[in-house]
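Undergrad: Here's the letter readout for the chains.
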Amino acid sequence: MNLDVNAIFQIAGIGIIIAMIHTILKQMGKEEIAQWATVIGFIVVLFMVIRLLDDLFREIKAIFLFQ
Amino acid sequence: MQIVGLGLIAAILSLLIKEHKPIFAFLLSLFAGALIFLFLIGKIADVIRVLQNLAEHSGINSVYLKTVLKIVGIAYIAEFGAQIVRDTGQEAVAAKIELAGKILILFMAIPIFRIIIETVMKLLPA
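Chains A and B, in that order, give the protein sequences.
Under our numbering, the first residue of the first sequence is numbered 80, with each subsequent residue one higher.
Under our numbering, the first residue of the second sequence is numbered 11, with each subsequent residue one higher.
Derived by calculation from the structure, the hints in this document are not laboratory data.
Since this is a predicted model, take the numbers as computed values, not measurements.
Don't take every hint at face value.
Stated by the list, open to error - The calculated DSS-like cross-link candidates involving lysine-lysine, where the alpha carbons are at most 27 Å apart (straight line), are:
#  : chain 1 : residue 1 : chain 2 : residue 2
1  : A       : K109      : B       : K28
2  : A       : K140      : B       : K106
3  : B       : K112      : B       : K80
4  : B       : K76       : B       : K112
5  : B       : K76       : A       : K140
6  : A       : K140      : B       : K112
7  : A       : K105      : B       : K28
8  : B       : K76       : B       : K53
9  : A       : K140      : B       : K53
10 : B       : K53       : B       : K112
11 : B       : K80       : B       : K53
12 : B       : K76       : B       : K132
13 : B       : K106      : B       : K76
14 : B       : K106      : B       : K80
15 : B       : K80       : A       : K140
When you get a sec, could you build the whole thing from the sequences and use the hints?
TA: Following this line, the structure appears as structure tokens:
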């Protein structure tokens, strides 16, 4: 449980940092790199979320669908 | 307690991010939902184990219990998916997911329906 709560903070932190990086890079006039930073952060978070969803669906399958 | 705290934290953080990056807020809420579900599923497993024990003792045909469990599982998954999609504002897709869940449940329930109708027909004087 503890580790999982950490993951929520991790996602929020990644989001905030990516937003900051995006803003800074935009100010510097590097629009393209800012977009790439956003995409990469998004993919990292997506991986975390998808792994958890995979766990969840596997558990549901094990409990409900195949005894 | 833990779950309420978790939900509050997730809500506050997602509000914080939403201004800058709505997509991260969405992923965060998805993560929190999956986490809470995962936390609850252990308890659900205990309940189901007790139900199974009862069914075995009373000698009910195991097909019935399996079908009911499958229906409950489909309902959980469909509801979860539909609510997540609704969060993103895609009301139409959420409605389709719910429709698919309902139809699959109906499909699962057909054998039980048939048995009920056959029983009733037997009870009725021909």
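Undergrad: Next, verify each hint and record whether it holds.
TA: Hints, one by one, checked against the model:
1. A:K109 x B:K28: holds, 23 Å
2. A:K140 x B:K106: holds, 22 Å
3. B:K112 x B:K80: This hinted pair holds, its Cα atoms lying about 12 Å apart.
4. B:K76 x B:K112: Holds: K76 (chain B) and K112 (chain B) sit about 18 Å apart, inside 27 Å.
5. B:K76 x A:K140: Within the cut-off at roughly 12 Å; holds.
6. A:K140 x B:K112: At roughly 18 Å apart (the allowed maximum being 27 Å), K112 (chain B) and K140 (chain A) satisfy the hint.
7. A:K105 x B:K28: Distance of about 19 Å is within 27 Å: holds.
8. B:K76 x B:K53: holds, 18 Å
9. A:K140 x B:K53: holds, 15 Å
10. B:K53 x B:K112: holds, 25 Å
11. B:K80 x B:K53: Given pair K80 (chain B), K53 (chain B) holds - Cα atoms ~17 Å apart, limit 27 Å.
12. B:K76 x B:K132: holds, 25 Å
13. B:K106 x B:K76: holds, 26 Å
14. B:K106 x B:K80: Since the Cα atoms of K106 (chain B) and K80 (chain B) sit roughly 20 Å apart, the hinted pair holds (cutoff 27 Å).
15. B:K80 x A:K140: holds, 9 Å
Violated hints: none; the structure is consistent with every hint.
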